[in-house]
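**Q** Make a model of the complete structure from these sequences and hints.
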Amino acid sequence: MRLACAVILLAAACSTGPRSSRAFAIPAREAAQDPQGVPAFAGFLAKEPEAKDPGEPYTVTGPHLRDKAGYLDLTRDLAVRIGPTLTCGDYVATLQQLLGRIEAKAGAKPEAERAIATLQALVGEERTKLAPHGDRPLATAMSDRVGLVGGQAVDVSDGLGSTQWWVVTGFGGSAAPRIPMVAKATVDDRGTEVWRRFLDQDLAWGVATFFDFADRLQRATVDVDSAIVSLGQNNTAWQNYLQRGYPQYPWENFANSALVSSAWDRAPNHQFVLLHPELGVVFDVDRADSADLSVALLVHALGYIYYGGDDRSWFLGASATGSLTEDEGDGFGYGLTLHCGSTNAGGVLPHISVGLLWHEGVDDDGFQVSIGIDLVRLLDRK
Amino acid sequence: MAKNHVLLIHGIGAHGKGWSAGWQQCLRENAESFDPYANDAKAFDADVAFAEITYDQVFEQGFRQRWQSLAGALADVALPSAVRTVFSELAQSPDARLPHSLWTHGLDAILWYAVGQARQAVIAAVALQLAEALRRAQRDEADVHILSHSLGTSVVHDTLLCLAAAPDTKKAFDPKLGGQRWTSYVSVANVSRVMGALASPSDDLAVADFRPHSSRVQGKDLVSTFVNVRHQLDPFTFPRRFKPEWASPPYWPIEVDRFDEPAHIHDLETQMDHPLAARTCLRLFTGRKGMGSKTEMDAAWRRYDQKYGRSGGNLFGSLRLLLEPDAERLLGPGEFARYVIAYGKEVLA
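Protein sequences appear in the order of chains A and B.
Reminder that position 58 of the first sequence reads as 66 in the working numbering, one-by-one numbering, no gaps.
Reminder that position 93 of the second sequence reads as 114 in the working numbering, one-by-one numbering, no gaps.
Quick caveat, the hints were computed from the structure, so don't treat them as lab data.
Do not take every clue at face value.
From the structure, some residues in chain A lie toward chain B, with a derived Cβ separation under 7 Å [as the list claims (entries may be wrong)]: (1) G70; (2) P71; (3) A147; (4) T200; (5) A235; (6) N242; (7) L250; (8) N261; (9) A263; (10) S269; (11) W272; (12) D273; (13) L305.
Taking lysine to aspartate or glutamate pairs in the EDC-like style, the calculated list, with each CA pair at most 16 Å apart, reads [unchecked claim]: (14) K191/B - D224/B; (15) K328/B - E367/B; (16) K315/B - D197/A; (17) K315/B - D56/B; (18) K197/B - D152/A; (19) K310/B - E58/A; (20) K60/A - D224/B; (21) K197/B - D231/A; (22) K315/B - E58/A; (23) K197/B - D242/B; (24) K191/B - D242/B; (25) K76/A - E162/B; (26) K191/B - D231/A; (27) K191/B - D233/A; (28) K191/B - D152/A; (29) K315/B - D196/A; (30) K310/B - E201/A; (31) K310/B - E64/A; (32) K315/B - D210/A; (33) K60/A - E317/B; (34) K113/A - D210/A; (35) K60/A - D319/B.
We treat Cβ as the ideally placed atom computed from N, Cα and C, and that holds for glycine.
**A** The following block contains the structure:
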């Protein structure tokens, strides 16, 4: 009687509760209702509604689950080669071994037999998929898009009777029926929830452990280290180009973004110089022995810079330059400037520009040499 | 005991080391509404480890500081007044007229949106940090979650796609090839559509692959579970709103409607304090998926209603008008600038 009242109250509360679209089509055999009116999922009958989180192992995942005795008892000494070298054969054999331990503890209840049969089907599915890969590393097989079903723990939405429930399960990629751990329904817009367990606690430990352990075996095979080496070099190349390369004004940044080919994993190997003013010094070639230096505003009108090395560690380029000095008598100078520099964080010479300019002054004409140094970087260098 | 790892990715603005203290405090305080954290102040830190991911340094050191240095070196040069004004602004000299917030906040958005090389460099920097964070999590056998805010949502979106597509990284980051599937991804004030890529930052993907409603950054693909938290009055999300028609689960949209001050509506803390947002995220981050009983939620709602007393009205109505008749269209630079200026005026008023 108490159960009937609870179900009626729950159904009434849920009739105004939020509804969600389905995650994907649930096979008809999974979403069902027992002839006596008890909600069922894949043949598993839901237990009485509970107003509180049923706790471990139904709703606890990740490190917390792996730390518990129920999990540790089942996984002790399994898969000694867990990690990138785990082979396809080891993976299947380990799951089979784990399944044997779960089966030994599960007993002979119908729900246990149903769960064990499903887990056996899942292991069989993995075995079939990996058979062509022999004893190669599991990581290699997975990179060939083998599409394993383990490791895909999912929640699914489903109607159990008249109520929308979210069913927590695992092995979402499998063709086999899923094993429901627990279901929850939100009964008002303030997030009040009601729970239903599907499995007895001992069996739930086994199923939760199986789902998590398959996932753990797979995740341990991911080779992040080689990706990090490549990503580190790529990031250094970008830093060298943007932070320590030939400096750019905003209009140059915009122009180079539009004109120079690059990608997030391929830093530019050249840049254009465009209307780039720079403070430098010039001296007259004809009076080189006098060591008279004049401060000059150098404007590199148009130029090209090439970056060398995978990490864009140096650059070399040239630009068409105009110059004006403090001495109006020097007139306007124009010519070619070479730019070079190291972009390494500890580079000895960050950036130097040397130009040969022709000037037409009031008193005389002739060649000038211009020199520009990126003093800011030179002084800031660490 | 191993912890779950939560990677935090900031929005616009300057973010030095320790920038996430406010976020962490917000999550910690919300966690203390729920068992087992209510009576044990240290329990949350024992369960969750945070890691900061930053990209502000790319804008700062690759652009802003370089412009400032270049223009600053010309400070004493006699230049025509119009040119001098430009260089004075770039040098951010004391007589510059542009507000400092333009350099620290506005510039981030402009560079990310309009300068392809800035976007690419940011992705390169974030990709490396994500990979390093994943390696740490792998050593700890930890689940990895991502929490991003505002511009960070666009940054994360593009970075996850790039990592899963590049020849050197896809084996590690494409779940279809046996690579990492991030346990959960929480976006707050999602602007990934507003700030969508104008050109593909990747050699391996077309620009169409970066459209957030159809990209691979969704549940059961590059991430297991996707949570999107949005304040209904957050004007940054008015144009080109992120509202995919994905199924729940694995996608959980959460709408927030209350606030204390208009200027705080966009903040992560305002949105994460919403009891449903807090519970959903904390369940993911802690791995305790049953956390938050009815009693605890009732108390959390009472505190929330007390702290955030305002809601609704015609707040930012003038901004909505600017977007009519079609908030879904791509805003031109002028429209975008007018929108941002209007937002500033509304908030300051």
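**Q** Taking the hints in turn, state whether each one holds.
**A** Going through the hints against the structure:
1. G70: The hint holds - G70/A has a Cβ within 7 Å of chain B, the shortest such distance being about 4 Å.
2. P71: holds, 4 Å
3. A147: holds, 6 Å
4. T200: holds, 5 Å
5. A235: holds, 4 Å
6. N242: holds, 5 Å
7. L250: holds, 4 Å
8. N261: With a minimum Cβ separation of about 6 Å from chain B (threshold 7 Å), the hint on N261/A holds.
9. A263: Check failed: Cβ of A263/A comes no nearer than 10 Å to chain B, outside 7 Å.
10. S269: violated, 9 Å
11. W272: holds, 4 Å
12. D273: holds, 5 Å
13. L305: holds, 5 Å
14. K191/B - D224/B: holds, 13 Å
15. K328/B - E367/B: Roughly 22 Å separates the two Cα atoms, so the pair is violated.
16. K315/B - D197/A: With a Cα-Cα distance of about 12 Å, the restraint between K315/B and D197/A holds, given a limit of 16 Å.
17. K315/B - D56/B: Holds - the C-alpha atoms of D56/B and K315/B are around 12 Å apart, at most 16 Å.
18. K197/B - D152/A: holds, 9 Å
19. K310/B - E58/A: holds, 15 Å
20. K60/A - D224/B: Violated, at about 50 Å.
21. K197/B - D231/A: Cα-Cα ~14 Å, so holds.
22. K315/B - E58/A: Measuring from Cα to Cα gives roughly 12 Å; hence the hint holds.
23. K197/B - D242/B: holds, 8 Å
24. K191/B - D242/B: holds, 13 Å
25. K76/A - E162/B: Holds: K76/A and E162/B sit about 15 Å apart, inside 16 Å.
26. K191/B - D231/A: Since the Cα atoms of K191/B and D231/A sit roughly 10 Å apart, the hinted pair holds (cutoff 16 Å).
27. K191/B - D233/A: Since the Cα atoms of K191/B and D233/A sit roughly 13 Å apart, the hinted pair holds (cutoff 16 Å).
28. K191/B - D152/A: The hint holds at about 12 Å.
29. K315/B - D196/A: Holds - the C-alpha atoms of D196/A and K315/B are around 11 Å apart, at most 16 Å.
30. K310/B - E201/A: Given pair K310/B, E201/A holds - Cα atoms ~12 Å apart, limit 16 Å.
31. K310/B - E64/A: holds, 10 Å
32. K315/B - D210/A: violated, 27 Å
33. K60/A - E317/B: holds, 11 Å
34. K113/A - D210/A: Cα-Cα ~7 Å, so holds.
35. K60/A - D319/B: Between K60/A and D319/B the Cα gap is close to 14 Å, so the pair holds against 16 Å.
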